[in-house]
Amino acid sequence: MRFTKDHEWVELSGDVATIGVTAYAAEQLGDVVFVETPEVGKTVKAGDNLAVVESVKAASDVYAPISGEVVEANAALSDAPETVNAAPEAAGWFAKLKVANPAEVDRLMDRAAYEAYLQTL
Amino acid sequence: MSDLPAGTVLKTTPLTEAHVALGAKMVEFAGYDMPVQYPDGVLKEHLWTRDEAGVFDVSHMGPSFLTLNNRSGDPDADHKAVAALVEPLICGDIGGLKRGQLRYTLLLNDDGGILDDLMIGRPAEADAQGSLQIVVNAGTKDADFARIEQAVAGEARLERADENALIAVQGPKAVDVVGRLMPEARELVFMTFRRIGWQGHDLSVSRSGYTGEDGYEILVPRPVAASFWNTLLADERARPIGLGARDSLRLEAGLPLYGHDLDTSVSPVEADLGFALSKRRREAGDIPGWTRIAREMTHGPSRVRVGLKVLEGAPAREGAEVADEAGTVIGRVTSGGFSPSLRQPIALAFVPPIHSQAGTKLKVLVRGKAQAAEVVPTPFVAHRYVRKL
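Here the protein sequences line up with chains A and B, keeping their order. Sequential numbering of the first sequence, starting at 1, is according to the numbering used here. Sequential numbering of the second sequence, starting at 1, is according to the numbering used here.
None of these hints come from the bench; they were simulated from the model. Among these hints, one or two may not hold up.
Unchecked claim - Cut-off 30 Å, straight-line C-alpha distance, at most; resulting in silico cross-link-like pairs (DSSO-like, lysine-lysine): (1) K369/B <-> K45/A; (2) K96/A <-> K5/A; (3) K279/B <-> K80/B; (4) K388/B <-> K80/B; (5) K369/B <-> K98/A; (6) K5/A <-> K45/A; (7) K42/A <-> K369/B; (8) K309/B <-> K369/B; (9) K25/B <-> K5/A; (10) K42/A <-> K5/A; (11) K45/A <-> K98/A; (12) K388/B <-> K279/B; (13) K98/A <-> K5/A; (14) K369/B <-> K96/A; (15) K25/B <-> K44/B.
Claimed, not checked - Covered stretches of chain A (in silico footprint by chain B; criterion: 3 or more residues with CB under 8 Å from a CB of chain B, positions within the stretch not fixed): (16) 30 to 39; (17) 52 to 63.
Claimed, not checked - Pair ranges (Cβ atoms, derived): (18) G154/B <-> D6/A: 54 to 62 Å; (19) S302/B <-> R107/A: 49 to 57 Å; (20) K45/A <-> H260/B: 33 to 41 Å.
A virtual CB, placed ideally from N, CA and C, is assigned to each residue, including glycine.
Pulled out of the complex, with its shape left as it was, chain B reads as follows (with noise of 0.2 Å):
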């Protein structure tokens, strides 16, 4: 997993002692020490978090805060104002949205090849219309802040956040563990987040998540971040997960995860994540790499991201190369592993279009041996989102 130099020091984040106190398997994660599982072990911390609420540390991640120089006091204008300039680097449209929503995006190269996938929010509050909330992964976010500050220069100002820890709470009991300690936070549906107070310090809260259940993304201030973990996992409802089962948990939900389903030469229509090209940006064609983008939309990919049940044998691991039923070689598996929920090997796979149809029936190639495996819609485990209240 690691390929750093020996000697390299380990970043930590808020909570690595408490991570090390509740016996935590600690491995190196884009170099960062983080908790690959705890003693229940990711099997377990994967099916408790689908039953009952999952505390995870993604402190790793790149949280931020991107704000206008000058401020007009128009909130409206000045929304627009930093919206535009993030604007061309991404997919999304930022403009749009309204006060405490948030947006899945992705940061695009020239060839509209996957930079990051990324979340954008305007906050809610009146004092800080002017400002956006972006969350940047873990892996690239030393670039992905360099690239916004580029093209921000002079206008904006873009202040990292990662010093804090960043608590993920997902699950079904999530409303009720989160919303226990700050009651305002059961008043936000999916994608929306605000400031909530929390022993004097401002917390962000957003209704998101990476594992395909219901539950919140907080970003808290270092000083509290591990009384706020704690009073998290007070709650017997509560358990810590590790990283091992929010990989599991993800690739569930269908979440393609960076580095592995995404990538530089990945387009956005190849990874399925054509609902994150905003409506208005398409009618534009302002999207970076639009030439690209356009001509997959209208002539379709040579590549696309599906779903796999492996209906036999072995996980097809990151890799294991996919073959239609002649036994050519099709595509390869970005992302694979044995699905706790359905207990049965699931992969995400890049293959042609042709044989992308929910239905067909493929083989994957496992240390020499092909095994069945059959294109399935994707999410793998249903979304249980709360988009109303």
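With the rest of the complex left out, here is chain A (with noise of 0.2 Å):
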């Protein structure tokens, strides 16, 4: 699994990256109660918009930490949102992307990366 700054997670198997927002992130945004996730078929670049969660009190976006083309989104958010708060890390995934350059993914952190990073907040 590899970090963002903005406290996205990449899991890569193949060609193919699940992609979620980590536990930090999610303590951060409280109780979601609503995720906006992509259209199966759209293309993304590293940093565009990629899903938006609600909490009772806002919206927050979250960004593709790579580029590629969304081949799934995790229906299940949309009758179980809070799946993101309980396994951020897990089940609580928003998109798999097929990713357009794997190199992209090298350059994100690593978990001791990502940990020295969240004791710099």
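Mind assembling these two chains? They're in different frames, but the hints should get you there.
Okay, structure coming up:
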């Protein structure tokens, strides 16, 4: 699993990357009540808006950590958005991307680097 | 949320240290460092208040006392005299208040635009006749106080009381939580208040609130503020509730928020606050901005505040456009979010009266998507005020 400074995570399996937000991000967001996931077939560049997470109080953007084409969105989140809080780095994933350039994944932080980054916040 | 210059020192309340000790997430609100939520989070805090008793620090608001300079000693004459000083600024009948009664009213400009919404009370106590308790909003308090002081100059003095704590206790168990500390509070009904002693200090206790629930708002002198707060929270039915849940609770109760649903462009008629236009004042036609208000009462306003249930998709938040079924933009959301009690998004919006009937199908535009919505009566969640003992 790789991480961004915006607290997204990426897990690469073959050429498909699963994307979600970290436990730290889920804690900061508070109780998630709605998730807007991307349409299948949409192509995104690294840094584009990928999803929107809504808590009781506010809406927060989730950015694509890498470029690619959306091949699946987590449909279970429409009925159970609280999964983002319960299992942010597992069942609470948002979308799967067919990766355009696997090298983009390698540029992201590994867990040790991400944990060190969290210590600086 | 904050548009203060960097380096601005936030104001604190007598309870700021208590919030930090409770693990609150603190944010800037109206220049104050305030708890937006505690470790329970907004959702749990909201539901706890609906089921049990929530305790809120609202010390950022503006409690004050307006007192005649020269009292005659005749309680009714003194009350009428102090009431007559503030009535030209507002739309409510203050002269007609009974002892111990509170009224929700509106501070209006000469065009009938709303400068603030506030509570004015006539004290119950014989020794306080000729005095009014006035509580205004945090963001507007300096301007409000200046406006009132100017209007009463030479006749009465306005004493700010916002160095003290204002604590709200809200929810079905509030009467037991507060009643355990001060049994006299049980005898109050909705929109009445009285002075009650606690540990040698006088507290001003009103049965009122901003959640739609039964409950109290209590002005607590600074020296005993933290002690009173901690004593309330020692009751297992009581938990601290942040400003996040305060906002979602008031939204479900259909209560407008100044600076969002109300501002100087909005009239009481547009805001659907016609109940605040007291009968005596309407009959006298002496409400500020009466020309506009009377015209809107007769011919209808160009827009009116309504409640919306959002039937699909994301919450429609402040600023979201509202469209008719054909897709024409007809209005705007002024407050919106997710209702924890109803488990769906709700909103307050301003739309033309032709689209304001309950049951009207509308759309809200969120991030470019038109989502189905429907006009519904407010409150979204029924009020549970105790009007009779």
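To see whether the hints hold, each was checked on the structure:
no. : hint                          : verdict
1   : K369/B <-> K45/A              : holds, 22 Å
2   : K96/A <-> K5/A                : holds, 20 Å
3   : K279/B <-> K80/B              : holds, 17 Å
4   : K388/B <-> K80/B              : holds, 27 Å
5   : K369/B <-> K98/A              : holds, 26 Å
6   : K5/A <-> K45/A                : holds, 17 Å
7   : K42/A <-> K369/B              : holds, 16 Å
8   : K309/B <-> K369/B             : holds, 16 Å
9   : K25/B <-> K5/A                : holds, 21 Å
10  : K42/A <-> K5/A                : holds, 24 Å
11  : K45/A <-> K98/A               : holds, 12 Å
12  : K388/B <-> K279/B             : holds, 23 Å
13  : K98/A <-> K5/A                : holds, 22 Å
14  : K369/B <-> K96/A              : holds, 23 Å
15  : K25/B <-> K44/B               : holds, 15 Å
16  : 30 to 39                      : holds (count 5)
17  : 52 to 63                      : holds (count 7)
18  : G154/B <-> D6/A: 54 to 62 Å   : holds, 60 Å
19  : S302/B <-> R107/A: 49 to 57 Å : holds, 55 Å
20  : K45/A <-> H260/B: 33 to 41 Å  : holds, 36 Å
Going down the numbered hints, you'll see the structure goes against none, and every one checks out.
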